[in-house]
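We have chain W; now place chain A onto it with these hints.
Listed below are the residues making up each chain.
2 protein chains.
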Amino acid sequence: MNEEEFRSIDRLFHPRAVAVIGPSRRRDWMWLRCFTHGRFQGRVYAVHPKEKTALGLPCFPSILDVPDEVDYVVSAVPAEMTPEIVGECVEKGVKAITIFSSGFSEVGKKELEDEIVRIARGKTRILGPNCMGIYCPESGLTFRPDLSLQNGSVGFVSQSGGNAIRSAMVGEDLGIRFSKIISYGNGCDLDAPELIEYLSKDPKTKIINLYIEGCRDGRRLFKALKEAAEKKPVVVCKGGRTKAGKRAVISHTGALSGESELWEALFKQTKVINVSDWTELSNVTLALLNSPLPRGNRVAIVTISGGSGVMNTDICEEHGLLVRKLSPSTIEILSSKIKGVGTNVKNPLDLAIDYMNPGVLPLVLDSLAKDDEIDSIIFESTFHDMVGPRWALPVVEEMRRRVISFGKKQKETGKPFFIVIPRHLFHSEREKHRRMYLDSRIPTYPTIRRASEVLERLVKRGK
Amino acid sequence: MNEEEFRSIDRLFHPRAVAVIGPSRRRDWMWLRCFTHGRFQGRVYAVHPKEKTALGLPCFPSILDVPDEVDYVVSAVPAEMTPEIVGECVEKGVKAITIFSSGFSEVGKKELEDEIVRIARGKTRILGPNCMGIYCPESGLTFRPDLSLQNGSVGFVSQSGGNAIRSAMVGEDLGIRFSKIISYGNGCDLDAPELIEYLSKDPKTKIINLYIEGCRDGRRLFKALKEAAEKKPVVVCKGGRTKAGKRAVISHTGALSGESELWEALFKQTKVINVSDWTELSNVTLALLNSPLPRGNRVAIVTISGGSGVMNTDICEEHGLLVRKLSPSTIEILSSKIKGVGTNVKNPLDLAIDYMNPGVLPLVLDSLAKDDEIDSIIFESTFHDMVGPRWALPVVEEMRRRVISFGKKQKETGKPFFIVIPRHLFHSEREKHRRMYLDSRIPTYPTIRRASEVLERLVKRGK
Numbered sequence: 234m235n236e237e238e239f240r241s242i243d244r245l246f247h248p249r250a251v252a253v254i255g256p257s258r259r260r261d262w263m264w265l266r267c268f269t270h271g272r273f274q275g276r277v278y279a280v281h282p283k284e285k286t287a288l289g290l291p292c293f294p295s296i297l298d299v300p301d302e303v304d305y306v307v308s309a310v311p312a313e314m315t316p317e318i319v320g321e322c323v324e325k326g327v328k329a330i331t332i333f334s335s336g337f338s339e340v341g342k343k344e345l346e347d348e349i350v351r352i353a354r355g356k357t358r359i360l361g362p363n364c365m366g367i368y369c370p371e372s373g374l375t376f377r378p379d380l381s382l383q384n385g386s387v388g389f390v391s392q393s394g395g396n397a398i399r400s401a402m403v404g405e406d407l408g409i410r411f412s413k414i415i416s417y418g419n420g421c422d423l424d425a426p427e428l429i430e431y432l433s434k435d436p437k438t439k440i441i442n443l444y445i446e447g448c449r450d451g452r453r454l455f456k457a458l459k460e461a462a463e464k465k466p467v468v469v470c471k472g473g474r475t476k477a478g479k480r481a482v483i484s485h486t487g488a489l490s491g492e493s494e495l496w497e498a499l500f501k502q503t504k505v506i507n508v509s510d511w512t513e514l515s516n517v518t519l520a521l522l523n524s525p526l527p528r529g530n531r532v533a534i535v536t537i538s539g540g541s542g543v544m545n546t547d548i549c550e551e552h553g554l555l556v557r558k559l560s561p562s563t564i565e566i567l568s569s570k571i572k573g574v575g576t577n578v579k580n581p582l583d584l585a586i587d588y589m590n591p592g593v594l595p596l597v598l599d600s601l602a603k604d605d606e607i608d609s610i611i612f613e614s615t616f617h618d619m620v621g622p623r624w625a626l627p628v629v630e631e632m633r634r635r636v637i638s639f640g641k642k643q644k645e646t647g648k649p650f651f652i653v654i655p656r657h658l659f660h661s662e663r664e665k666h667r668r669m670y671l672d673s674r675i676p677t678y679p680t681i682r683r684a685s686e687v688l689e690r691l692v693k694r695g696k
Numbered sequence: 234m235n236e237e238e239f240r241s242i243d244r245l246f247h248p249r250a251v252a253v254i255g256p257s258r259r260r261d262w263m264w265l266r267c268f269t270h271g272r273f274q275g276r277v278y279a280v281h282p283k284e285k286t287a288l289g290l291p292c293f294p295s296i297l298d299v300p301d302e303v304d305y306v307v308s309a310v311p312a313e314m315t316p317e318i319v320g321e322c323v324e325k326g327v328k329a330i331t332i333f334s335s336g337f338s339e340v341g342k343k344e345l346e347d348e349i350v351r352i353a354r355g356k357t358r359i360l361g362p363n364c365m366g367i368y369c370p371e372s373g374l375t376f377r378p379d380l381s382l383q384n385g386s387v388g389f390v391s392q393s394g395g396n397a398i399r400s401a402m403v404g405e406d407l408g409i410r411f412s413k414i415i416s417y418g419n420g421c422d423l424d425a426p427e428l429i430e431y432l433s434k435d436p437k438t439k440i441i442n443l444y445i446e447g448c449r450d451g452r453r454l455f456k457a458l459k460e461a462a463e464k465k466p467v468v469v470c471k472g473g474r475t476k477a478g479k480r481a482v483i484s485h486t487g488a489l490s491g492e493s494e495l496w497e498a499l500f501k502q503t504k505v506i507n508v509s510d511w512t513e514l515s516n517v518t519l520a521l522l523n524s525p526l527p528r529g530n531r532v533a534i535v536t537i538s539g540g541s542g543v544m545n546t547d548i549c550e551e552h553g554l555l556v557r558k559l560s561p562s563t564i565e566i567l568s569s570k571i572k573g574v575g576t577n578v579k580n581p582l583d584l585a586i587d588y589m590n591p592g593v594l595p596l597v598l599d600s601l602a603k604d605d606e607i608d609s610i611i612f613e614s615t616f617h618d619m620v621g622p623r624w625a626l627p628v629v630e631e632m633r634r635r636v637i638s639f640g641k642k643q644k645e646t647g648k649p650f651f652i653v654i655p656r657h658l659f660h661s662e663r664e665k666h667r668r669m670y671l672d673s674r675i676p677t678y679p680t681i682r683r684a685s686e687v688l689e690r691l692v693k694r695g696k
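Protein chains in written order, with the working numbering: chain W, 234 to 696; chain A, 234 to 696.
A couple of the hints might just be wrong.
Identical copies look the same in the list; a pair holds intra-copy or inter-copy alike.
Pairs of lysine-lysine residues, derived as DSSO-like cross-links and limited to a Cα-Cα distance of at most 30 Å, are as follows [claimed, not checked]: (1) Lys-476 to Lys-572; (2) Lys-572 to Lys-342; (3) Lys-476 to Lys-603; (4) Lys-476 to Lys-501; (5) Lys-343 to Lys-570; (6) Lys-459 to Lys-572; (7) Lys-693 to Lys-476; (8) Lys-465 to Lys-504.
No lab work stands behind these hints, which were simulated from the structure alone.
Next up, chain W with everything else stripped away, as it sits in the complex (with noise of 0.2 Å):
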């Protein structure tokens, strides 16, 4: 993608004015709805042949009715009538148009998304049909009105919309934030090739993020992810991999999802991170964002239970990871501090009850990070789990403290640093302390599985 096609994917993401065509009452105007009430800081325009005002805008009967130029439209029109909508947004000028309608070669109606093509001609450009759009928020465009328009740097391709609004919910809540979101559905004319050549080329993307289900031109694909990969992060999620999910994909988006070597290969041959859920995207996205990677699979595990420390060695290790000595030197270290019963220097780590030392945490977390034989550190925070929130409350909170002074360095130590908070009975505590690491930009999983997963793809990249 040269400069001149950059520019021109580009611009569609900064619209100066947009318009909402058939804009529904019975959804409570939501499309409306994502460009008004201070969202949008451009010109706003609803059209729609019957209702006379829509959120107390004017509606125009059509878009060639509009007074004013027209960059971005959404359009929610019934199928059959999209032709006719795209040849007016060609007509007007329309830059880009997302085509939320369903109906079309997802249904089997393949020769009404080549029409609205044909019409297109390129000038003006469609995301979807079947699709939810862009969301950027250094534009102020959302495909829903509840999501936060907070700027970041992580770009995702979606080839389904539900998937786009759950990442972008799922990332408020982890703290991801994202430069755009793109959902193309169908993905008649921009198509995932071409939306991760931009990204690739985009400034303000750090981490691209892809969810595809099948794509025309796999060799473009190919390329277009195996480049971006040298550049940036990629992490793809593979919809349609078995034959029940390619059955899925051919009713939820119409594609053909068949090429299982080509997919192969790419994660063979290319630095493309491969994920199998959206749960996994989002983890791993997370750690890409707030973690180094490693410079290899040996990992130490911090708990203060036995049993727990016992799998959570099997499950690492079932994982690709190595649950290895620490050197002599960390040894020594902390066994001259860490002496209680019941505690174990040893890897994985037993703090046992000497976790109640407000001392020991940081110690051992900072004689980890300078092991050499250390990659990467998990801590499994199950300190109230342990005894009770009543009793252990208070060396808990400056227990906190100390893990997210820590966590904070982790790029300087140049060491993954993850919290594992495993379910337990209090909520609300759990809930507290999830948000804190999280806002502390500490990587933090509900398992030890999920922390594993996540670092056995950083070693993976890191190599």
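For chain A alone, coordinates are given in the frame of chain W:
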């Protein structure tokens, strides 16, 4: 295990009087607190050589000074003092002693452990050392003062004390209640085989859980588990599956976990359900308690997003489940009612906007319950996710009511019905829904992956 042997173990769970030897002021009298404040209905004694009183109870210098018979003792004195304490317990006629203290074979002091076994001579049965002992709500015994004493039907034998506590807490959260939890640590006397034989015969125990790291008598364990699994569902998590895990086991309970062949044979040749961590242990148990066993591996997936349907399908199929076509009659019934844009009455079912019609979901669930091509149903509850709480709340409330009324009947329909509530922004809403589903005894999981793992195990057990 004959009737006599069964009764002799069963008596250990029903003491008339208990004593705590060495309650610790530093730990806020944790062990003594387990039996006070109305928790244990029998008599409670404190034994401490230096303290005068503990929690308002007088402290006797030795168990021999207690002017009463004592059936059950928890000993929390240092390891080296333990042989003397055990000797006094034998002299006193104590039936069972839980040795909480660690510092025995797990730190290489095998001879100290052998010594206490010799002293006890089978007259006083030993749990431990290095364990939490007995949790038995029926008789008011607990190893944590803050655990509920509600009675249930799951019996859990755990080599790890931490995992015993954690399972009890996670169980409370999920509505899993226990008949007994027995944490047996180093297992110098009462060991896994005998405890499994006991639970297998115990009429109060309907489901058996086991967390085990290693066992002295592999042959007897194999036989005990095989026989138990013929009578009741038995779910086993084996700690120390990997090389590093085995090393961690030695430091934890001093056990040798080397018999990999035994474990592989066990999981292949018996009906024992194999899980890999405590999350799976709880999740599988939740389903066993509340769902029927599926007749086969054909699952129907109900969602409102196509992309989510695709990913759910891949993940189910990757767990050995089949996402097959629905029967023609189901498709006919559903097609006549579900006609909205973007809906899909194949499998996975995508209700799209039609989920807003309150009659649709019950129709879908009832049709799937009757469909001979379907063995189980997974319902992804993402309604509030997809439309935001403000707009959707009344619809969601109505839907939840209907989902619950369907889910309650799952033992009648003979098909497991699981709910998946993915992570998203609305924590309090999500938690409220999760609570209501769980309170209605519908297995509810955070991800499709967790639900698939459970269903995979149930299918295997159902064969």
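Here's how the hints hold up against the structure:
| no. | hint | in the structure |
| --- | --- | --- |
| 1 | Lys-476 to Lys-572 | between (56 Å within a copy, 26 Å between copies) |
| 2 | Lys-572 to Lys-342 | between (72 Å within a copy, 16 Å between copies) |
| 3 | Lys-476 to Lys-603 | between (48 Å within a copy, 25 Å between copies) |
| 4 | Lys-476 to Lys-501 | both (21 Å within a copy, 27 Å between copies) |
| 5 | Lys-343 to Lys-570 | between (70 Å within a copy, 25 Å between copies) |
| 6 | Lys-459 to Lys-572 | neither (51 Å within a copy, 41 Å between copies) |
| 7 | Lys-693 to Lys-476 | both (27 Å within a copy, 22 Å between copies) |
| 8 | Lys-465 to Lys-504 | within (9 Å within a copy, 48 Å between copies) |
The structure does not agree with numbered hint 6 stated previously, though it agrees with all others.
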